[in-house]
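2 protein chains.
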Amino acid sequence: MNQDDSLLKFEVPEIIYGLGALGKIGQCAKRLGGEKVFLVTDPGILAAGWIDETIKYLEQEDLEYVLYDNVVTNPRDFQVEQGVQLYLQKGCDVIVAVGGGSPIDTAKGVAILASNHGSISEYEGCNKIDQPIPPLVCAPTTAGTGADVTQFAVITDTRKRMKMTILSRAITPDISVVDPNLLKTKPPELIAATGMDTLTHAFEAYVSSLSWSMTDPHAIHAVELVAKHLVDAVKYRSLTALEGMSIACLEAGIAFSNAILGAVHALAHPLGGFYDIHHGVANAILLPAVVRRNIEHSIEKYARLAIAMGSDTRGMTQEEAAMSVLGCIDRLTDELQLPKKLSEVGVRRKDIPSMADRAQYDICMLTNPCTYEVDEIKNIYAEAW
Amino acid sequence: MNQDDSLLKFEVPEIIYGLGALGKIGQCAKRLGGEKVFLVTDPGILAAGWIDETIKYLEQEDLEYVLYDNVVTNPRDFQVEQGVQLYLQKGCDVIVAVGGGSPIDTAKGVAILASNHGSISEYEGCNKIDQPIPPLVCAPTTAGTGADVTQFAVITDTRKRMKMTILSRAITPDISVVDPNLLKTKPPELIAATGMDTLTHAFEAYVSSLSWSMTDPHAIHAVELVAKHLVDAVKYRSLTALEGMSIACLEAGIAFSNAILGAVHALAHPLGGFYDIHHGVANAILLPAVVRRNIEHSIEKYARLAIAMGSDTRGMTQEEAAMSVLGCIDRLTDELQLPKKLSEVGVRRKDIPSMADRAQYDICMLTNPCTYEVDEIKNIYAEAW
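Sequence lines, in order, name chains R and E.
In terms of my numbering, the first sequence is residues 514 to 898.
In terms of my numbering, the second sequence is residues 514 to 898.
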């Protein structure tokens, strides 16, 4: 990963957490030296009223702002490039993103181009960003992506129909303002999908070849919280469950930003690029197929994940304990009523070879506990199909 | 703690960890924009050869440097003030501290005065620092203090014979370079004392009224690592044990920087001010007396700490499990051959009332699970005497 193999790292934004934390967002932008805010969101968040509230807090600090809401799920390269034109033209000097992964990744893309120029595809890959980005404050509205605390941005290359992963310490946000209130307006199906994204982050970070003592406790705790709160968050949207999922997302994000991910994400990215399937749903479908193949390379860790998922592993061998994690995932997916097969979400079997060609070169494959040849990747897609 | 009661925070420097990490220290100072390094250490570290090595890495990056090693255990106000004169006179623009808590706290003091001016005692307390400090990189050489990752600095007011606690987000270092190799030259008695400091950090952060999901996993893991590695680190200085203690110190530091501390630290600070007793030894002596009184206010948490210490609590009531933590601490102190009474380290009984007067106003008392009147504090000192 373009760093000394023997060295490990841990980097996390400043986090402000709690009910009402959104009220601090103006102070945060101001504290980072901002005077004119580039405010990135999407139409759904705008309609939910959170932007009116955010603007109130910006105005309390006498901050000017420019609103940019041309953001869709799986955000596009041209939306980033259009955004940065507006950012520069209006003379903004700080970026505030309020939303899920899509607005936050769009904001990161705008931030990269604001100080590094060129086109966003030039920054795909690891550590391609030379110049520091403008100050960036995020307020996540979905407990899923973790983008508010990570050094990742995923932007769709519309020409190649491919999701580009950009990974650089330079794009870790400065401050994440995590207010569980913001989850209250989130539709249940989105809570389910993003919750499975969180679970996958935690799983992949925990078994990653770059996992370590600073990331492991967060990954395990995130899994415990998902097991405890995700179903309740979807069914009842109780504040306790939403708070649990907020923290799960935060901890999973911290874990995977520093330990990176694995094969589930490598295989999910082409699905987003080809079909525009929600990233959380893609992860949920692929997770069991990848775990089944990874398991022999990391038995002890999958056994620990099974315990975190609530499996009673007493009296089991390590192998049995590890295998029991598959039943836990299956039961959770059932309860969430999520699709379990790629064929259910419109994926064509004939696209598997092209998707496998792309998945094998995805950055996330590098930290999977084992490597997969392209034929094996096709088998995993086929198994999940 | 001068923030909205309902909001929680988490702030951690960038961490680079591993054998050989010290080799990155020049790059870190340069990446933060430095050209002339103010290099803070103490005579012991200098003699151990780590500064020669550090200077080599600074020179590899064409960085100039000014060495400042007028640092003692429990660092003094005048040493900070003398340091900042040199910093300003030589035109330094980045601070690198290599050492234990004393050089790092001295470096923080110099950093505060370099941009905020005045005398260091003006900054005692919470959030008194207005101006950002110069870039600060730390390389800890004792697995104890955690100062390399915290927003705390403790400096002795020589006129009042009192330790001043300075607590501000502004003094969190930018980067901590944690290289377990640096522990190899540390004397066993110092490993024991600083290890008990780490244990106390983790205990107090875990039961603190500001602890939360982001700090708890680190506190618990730190306790587990101390229980597993401290005795071996002292007896054999094996690299595995030193690595374990390095991470324990890091995680305990992250936990207490964000959750703050408790009564053990509030009572230990006057001991350092009055007698210049090593802070880790003071904590080790006071910990059991404070736990004994705190326990009824936080039974569940002390029971969890007992498990982390290795106590087999199966079949015990919650109360019994919590109480069993005292036996764990006692056995550990025995194995480390540390003093168990204040009278053994030269404390005069007649000083207890004055120390209690000071301890009651220490910042760390605010986050203890319960509050103590001055008479109760005297009783705790007397019990530990």
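Hint data in this document are derived by calculation from the structure and do not stem from the laboratory.
Glycine is no exception: its CB is placed at the ideal position from the N, C-alpha and C atoms.
Some hints here could point you the wrong way.
Derived list of chain R stretches under chain E, where covered just means 3 residues or more per stretch with a C-beta under 8 Å from a C-beta of chain E [said to hold, decoys possible]:
1. 519 to 533
2. 550 to 563
3. 592 to 598
4. 759 to 765
Far from chain R, by Cβ distances over 10 Å, these chain E residues were calculated [as the list claims (entries may be wrong)]:
5. Leu521
6. Lys569
7. Asp670
8. Leu763
### Message
Verify this for me: three or more residues of the stretch 759 to 765 of chain R with a beta carbon less than 8 Å from a beta carbon of chain E.
### Response
holds (count 3)
### Query
Just checking, Asp670/E versus chain R, shortest CB gap more than 10 Å?
holds, 30 Å
### Query
Non-interface claim for Leu521/E: all C-beta distances to chain R beyond 10 Å?
The claim breaks: Leu521/E does not keep its Cβ more than 10 Å from every Cβ of chain R (closest is about 5 Å).
### Query
Do three or more residues from the stretch 550 to 563 of chain R put their C-beta atoms closer than 8 Å to C-beta atoms of chain E?
violated (count 0)
### Message
Using Cβ atoms and 10 Å as the threshold, tell me whether Leu763/E really stays out of contact range of chain R.
### Response
It is violated; Leu763/E is separated from chain R by about 7 Å at its closest Cβ, not greater than 10 Å.
#### Entry: Within 8 Å of chain E (C-beta), three or more residues of the stretch 592 to 598 of chain R
violated (count 0)
### Query
Do three or more residues from the stretch 519 to 533 of chain R put their C-beta atoms closer than 8 Å to C-beta atoms of chain E?
holds (count 14)
### Query
Is the nearest CB of chain R more than 10 Å from the CB of Lys569/E?
holds, 17 Å
This entry does not satisfy hints 2, 3, 5 and 8, going by the numbered hints stated previously.
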